[in-house]
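Asks: Sequence:
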Amino acid sequence: MTVEMIENIAAEKQVYPASTEEQLEALQFELESLLYTKNETELENFAASVQIDGDIAGKSKIAITKLIQKYIEKQISEEGEMQAKLEWFRKAIDSLKPKPQTNSESELALSELQKQIDKLKEKQQAELQSMMEKLSQAKIDAQETQGKICVGIISTAGDYFSAPKVSAQQFLLRSLDLRNKVGFASKESDCEVRYDESLIHKTFIKSFETGLRDDVLAASLRQILRSPTLTDEDLMRPVNELASDHAERQSKLSSERRFAKVNSCEVEPAEATTKKDMDANKQILAEIREIRSEVESLKRQQACQNSGNGKEDRRGSYTSRGPTKSSRHRGRGCEACKKRGLGDSCRHCFACGEYGHIASECEKNNPEPRETRDGYPEHGTGFSRRNESVPSVQRLR
1 MTVEMIENIA AEKQVYPAST EEQLEALQFE LESLLYTKNE TELENFAASV
51 QIDGDIAGKS KIAITKLIQK YIEKQISEEG EMQAKLEWFR KAIDSLKPKP
101 QTNSESELAL SELQKQIDKL KEKQQAELQS MMEKLSQAKI DAQETQGKIC
151 VGIISTAGDY FSAPKVSAQQ FLLRSLDLRN KVGFASKESD CEVRYDESLI
201 HKTFIKSFET GLRDDVLAAS LRQILRSPTL TDEDLMRPVN ELASDHAERQ
251 SKLSSERRFA KVNSCEVEPA EATTKKDMDA NKQILAEIRE IRSEVESLKR
301 QQACQNSGNG KEDRRGSYTS RGPTKSSRHR GRGCEACKKR GLGDSCRHCF
351 ACGEYGHIAS ECEKNNPEPR ETRDGYPEHG TGFSRRNESV PSVQRLR
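Reading the sequence shown from the start, the letters are residues 1 to 397 in full-length UniProt numbering.
Careful: at least some of the hints might be erroneous.
Result set (BS3-like, lysine-lysine): computed pairs, CA atoms no more than 27 Å apart in a straight line [what the hints assert, rightly or not]:
1. K74 x K59
2. K115 x K61
3. K91 x K134
4. K97 x K74
5. K97 x K85
6. K202 x K181
7. K91 x K59
8. K119 x K59
9. K70 x K59
10. K38 x K91
11. K74 x K61
12. K206 x K181
13. K119 x K85
14. K123 x K61
15. K134 x K59
16. K91 x K115
17. K74 x K91
18. K364 x K339
19. K70 x K91
20. K66 x K91
Just so you know, these hints were derived from the structure itself, not from any lab.
Could you build the full structure based on these sequences and the hints that come with them?
Replies: Here is the structure:
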């Protein structure tokens, strides 16, 4: 209760003015009421303004309020003039009351608030504009994507073909699904590219006919696919029937081909000899001839040692034909191959180094005619003699 209120009440009741003690009590009550409405910072500032002793930094609101109340009680209990005490309370109350703003300060605060509102509006408008641009761009991208999808599907349908292990029924179902996707994509409201149903149907018929891997099945379905009133059910029925008949026919034909292939494999090895086998036979034949020549040479040497008196004559007649192979050649191979270290794999004549004959048949070692040396002519029958040794090669193999 303020002093003005007490005076007003006294005036209304027609009583005498309040005494100084009552005024002091009313001012104390008003000051303490104002203390409870302030926060910690405002209480700290008030305590600093009235020069209250004691450290109040960091204390709570209740603790600061209690310190101020103690200081107020101290001011009342001290000796002094009552008017001075009343003046101190009035100043303290004025410092705690909110000060009314002047017109200039109100206008300044209002202008600052208006500036903040304008900045907030500009920021919101910029964000809204950016959001609208992103939304429109997303819509354009969606339309382009939808158009690309539609164009991609219709172009894919033209190049569609069945996989190697996909049946005609499965290929038909996939083609129908692709056709339906094209139709749905073309009917979208935001699709820029639109296709007529007749174009989609023609593309579907063409892709299905040209995509079949079986030419017989495609030829059988060509007349049905040309029908203008063709429906999905009318197409699926003949496709199932023709595909089943064709699969049964292919199964029968494949079993016949497998049986014929087995028979051909049984006859095939007896018809001809491969080139590799012939080369191997020739190599073995040459080695056999070389071995036979060495055996004959050893037999002649043994005969010369056991001949007695005719030993010298036979040896002379034999040496006149040339030195033996063992005396002429040490190791296998001609001279050129032995120098290169290829004597074991040499296929030349060991005497002259040429192809086509062996050392025992070489004219360099045997100057006598072949008729008198071997008992058969050099040409003609000599080839038949080489052929006669082939069975022995086959037995060795």
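Asks: If a hint holds in the structure, say so; if it doesn't, say that too.
Replies: Evaluated hints:
no.: 1; hint: K74 x K59; result: 21 Å, holds
no.: 2; hint: K115 x K61; result: 36 Å, violated
no.: 3; hint: K91 x K134; result: 62 Å, violated
no.: 4; hint: K97 x K74; result: 22 Å, holds
no.: 5; hint: K97 x K85; result: 19 Å, holds
no.: 6; hint: K202 x K181; result: 15 Å, holds
no.: 7; hint: K91 x K59; result: 25 Å, holds
no.: 8; hint: K119 x K59; result: 40 Å, violated
no.: 9; hint: K70 x K59; result: 16 Å, holds
no.: 10; hint: K38 x K91; result: 17 Å, holds
no.: 11; hint: K74 x K61; result: 20 Å, holds
no.: 12; hint: K206 x K181; result: 17 Å, holds
no.: 13; hint: K119 x K85; result: 51 Å, violated
no.: 14; hint: K123 x K61; result: 40 Å, violated
no.: 15; hint: K134 x K59; result: 54 Å, violated
no.: 16; hint: K91 x K115; result: 37 Å, violated
no.: 17; hint: K74 x K91; result: 17 Å, holds
no.: 18; hint: K364 x K339; result: 21 Å, holds
no.: 19; hint: K70 x K91; result: 18 Å, holds
no.: 20; hint: K66 x K91; result: 20 Å, holds
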